[in-house]
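Could you slot chain B onto chain A? The hints should help.
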Amino acid sequence: MSLLSSIGLRTSIIDNADGSAELSIYNNNSNEASSSSSSSDDNSIIKLITSINGPIEPKQRQELPNRASLEINIYPSIGLSTTKEKLLENKLRSILQNNIIINYKYPRQLIQISIQFLISSGSGSSSSSSSNYGSMMMNLLDLNALINCCYFALIDANIAMNYSFASIVIIIDHQGNLLIPIDGNDLHQQQQQEEDYESIHLCCYSIIAKKVDKLLLLESQGDFNESQLFNVLEKSIYKVEKFHNEIHRQFINDKIKNDYIWKQEREDE
Amino acid sequence: MSDTIILPGDKLPIDEDIFTVKTTIGPGIYKKPKTQELIPSAAGTLHYERAKSSSQQLIYIESNSKRYIPHTNDYVIGIITGAIGESYKVSLQSNSTPVLLSFWAFPNASKKNRPNLKNGQAVYARVSQDIPEIETELECIDPTSGKEGGFGVLDESGYIFDVHLNFARELLFNPKTIFLETLATRCQFEIAIGINGKIWIKCGNGVKKEANDGSNNNQDQGEDQEMIDVSEENLKDLKSTLAAATFLTRCQFVTQDKLKQELNNAFQGI
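Going line by line, the protein sequences match chains A and B. For the record, in the first sequence the residue sitting at position 60 is 60 according to the numbering used here, with numbers rising by one throughout. For the record, in the second sequence the residue sitting at position 203 is 203 according to the numbering used here, with numbers rising by one throughout.
This is chain A alone, in the form it adopts within the complex (with noise of 0.2 Å):
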């Protein structure tokens, strides 16, 4: 099921999981990307799957008295896990632990949350991960799909959260142009010209009654002023509530149907 031209999402994928996702970003540019050789068969750029399980029994180490505890595991599409990944565990937990997961629901429970890619940005692409801002660009990149690849499966799980969250990436090129991948802009194109870009940004929203509430989480590389930030935080804020009442409207509704088919008398298709 494909929500909007770049973003493919499924979730409940997993039976042996209290809930699960998967989330694709493509790029939106088929022509130039079959010409490419770093193009992977499906066309994504990112690929990954989040599974959660939870609330279940800790163990005496993780336990919390009053509190769920987290567990937090990611694995790279190539290799084995390493510091990269342990820092991607951190922010995310960072967002996930005292802020949007309510703890005090689970006192001395275990939220187990583990997170496989199968396809990376820059995976494909050997020339582009030896370069300093191509590296930066990749962990932010990876780092927003599986912030929102986590808000689906925590959505699938039933886990209870304060409020909905979003997150997205903005580029700052040399000209001080704002750019944002898979919102209409061709992101393979841009990967093969990182040397152009001067900073990158990730923003993190929670977002209450349909509006953005909340910075969670600020990550920026490269240079970059003051008003420069400014002007992504401002031009970000619009672009994440459109995200929520669009793709996260959309799978809600997909979810309750597809959940609830018993209950029709026939299918709607």
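Please keep in mind that the hints were generated in silico from the structure rather than gathered at the bench. Any given hint might turn out to be false.
Chain A is faced by these chain B residues, among others (derived, beta-carbon under 7 Å) [as the list claims (entries may be wrong)]: (1) T4; (2) L7; (3) P8; (4) A42; (5) S65; (6) K66; (7) R67; (8) Y68; (9) S96; (10) T97; (11) P132.
Derived CB-CB ranges, DEER-like [said to hold, decoys possible]: (12) A/R61 <-> B/T255: 42 to 52 Å; (13) A/R249 <-> B/D257: 46 to 56 Å; (14) A/L229 <-> B/S54: 26 to 36 Å; (15) A/Q250 <-> B/E232: 49 to 59 Å; (16) A/Q60 <-> B/E232: 50 to 60 Å; (17) B/Q261 <-> A/N245: 33 to 43 Å; (18) A/N225 <-> B/H71: 52 to 62 Å; (19) A/K235 <-> B/Q261: 44 to 54 Å.
Note that beta-carbon positions come from the ideal geometry of N, C-alpha and C, so glycine has one too.
Coordinates of chain B only, in the frame set by chain A:
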């Protein structure tokens, strides 16, 4: 009563003055301890009930899940996994925190007359205490009559399988559910439905082991024929039990106009 789809972070369409209007909250609604504000904590279908003339309102969110969280007065199917002091340790779901079933939680139980349950046996019980900070407790006593009331040890010749929690609620609380009525047109069965997503089912004699295995060496033709008949009957019951479980599992994923088709597929060859 209105049904709308709601996400965490949305604003609840209720009377905000929860101190004047008596408000009852159900699953999916969370009352913030600091601000006393009601927020939706789950994504699903919002159910809101308020009588016109009444000063009371009820609100809850219905959603599907696979992980069961015990609540008082739920009927559950558990597996005995051990004994601690004067209680049995019962598992309601794999990897979940175990719950306790006291030796005294049976009808007419006393220190001298205690139940004799072994590891691996299945019990149908009612949740009697669900304080989140301490261990949940079960009972096998009907709270009104003080007798069994259908609770207790489940027959070992039944078959236990898992379903989603919302489907289990439909089977248990909807007395006219189409799924059990459709199944009843095909075979007779006994069923125990646990809100924790486990269902125990048995058709006829169920999946019982061969009772006369090699115990009768009599060469009399009549008794041999009788043994063959018993064996065939047991095999038919075994197939029916598994087919019924397969049918109920498939019901979760199809619309109602395909029930007949799924029933025929499950009972094919029986």
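Structure-based check of each hint:
The closest approach between the C-beta of B/T4 and any C-beta of chain A is roughly 11 Å, which is over the 7 Å cut-off, so the hint fails. Taking 7 Å as the C-beta cut-off, the interface hint given for B/L7 holds, the closest approach to chain A being about 5 Å. Look at B/P8: its Cβ gets to within about 4 Å of chain A, closer than 7 Å, so that hint holds up. The interface hint given for B/A42 holds, since its Cβ lies 6 Å from the closest Cβ of chain A, which is under the 7 Å cut-off.
A distance limit of 7 Å between C-beta atoms decides the matter here; for B/S65 the minimum to chain A is near 4 Å, and the interface restraint holds. A distance limit of 7 Å between C-beta atoms decides the matter here; for B/K66 the minimum to chain A is near 5 Å, and the interface restraint holds. Annotation: B/R67 was flagged as interfacial toward chain A, and the flag holds, the nearest CB pair being 4 Å apart, inside 7 Å. Interface hint status for B/Y68: violated, as the beta-carbon distance to the closest one in chain A is roughly 10 Å, over 7 Å.
Look at B/S96: its Cβ gets to within about 6 Å of chain A, closer than 7 Å, so that hint holds up. A hinted interface residue such as B/T97 counts as satisfied when its beta carbon comes closer than 7 Å to some beta carbon of chain A; here the least separation is about 4 Å, so the hint holds. A distance limit of 7 Å between C-beta atoms decides the matter here; for B/P132 the minimum to chain A is near 5 Å, and the interface restraint holds. Checked against the hint of 42 to 52 Å, the pair A/R61 and B/T255 passes, with Cβ atoms roughly 47 Å apart.
Checked against the hint of 46 to 56 Å, the C-beta distance between A/R249 and B/D257 comes to roughly 28 Å, which is inconsistent with it. Taking the beta carbon of each, A/L229 and B/S54 are about 53 Å apart, not inside 26 to 36 Å as hinted. Checked against the hint of 49 to 59 Å, the pair A/Q250 and B/E232 passes, with Cβ atoms roughly 54 Å apart. Judged by the Cβ atoms, the range 50 to 60 Å given for A/Q60 and B/E232 holds: they are separated by roughly 53 Å.
At roughly 39 Å, the beta carbons of B/Q261 and A/N245 sit within the given window of 33 to 43 Å. For the pair A/N225 and B/H71, the supplied restraint of 52 to 62 Å holds, since their beta-carbon distance comes to about 54 Å. At about 52 Å, the CB distance of A/K235 to B/Q261 agrees with the hint of 44 to 54 Å.
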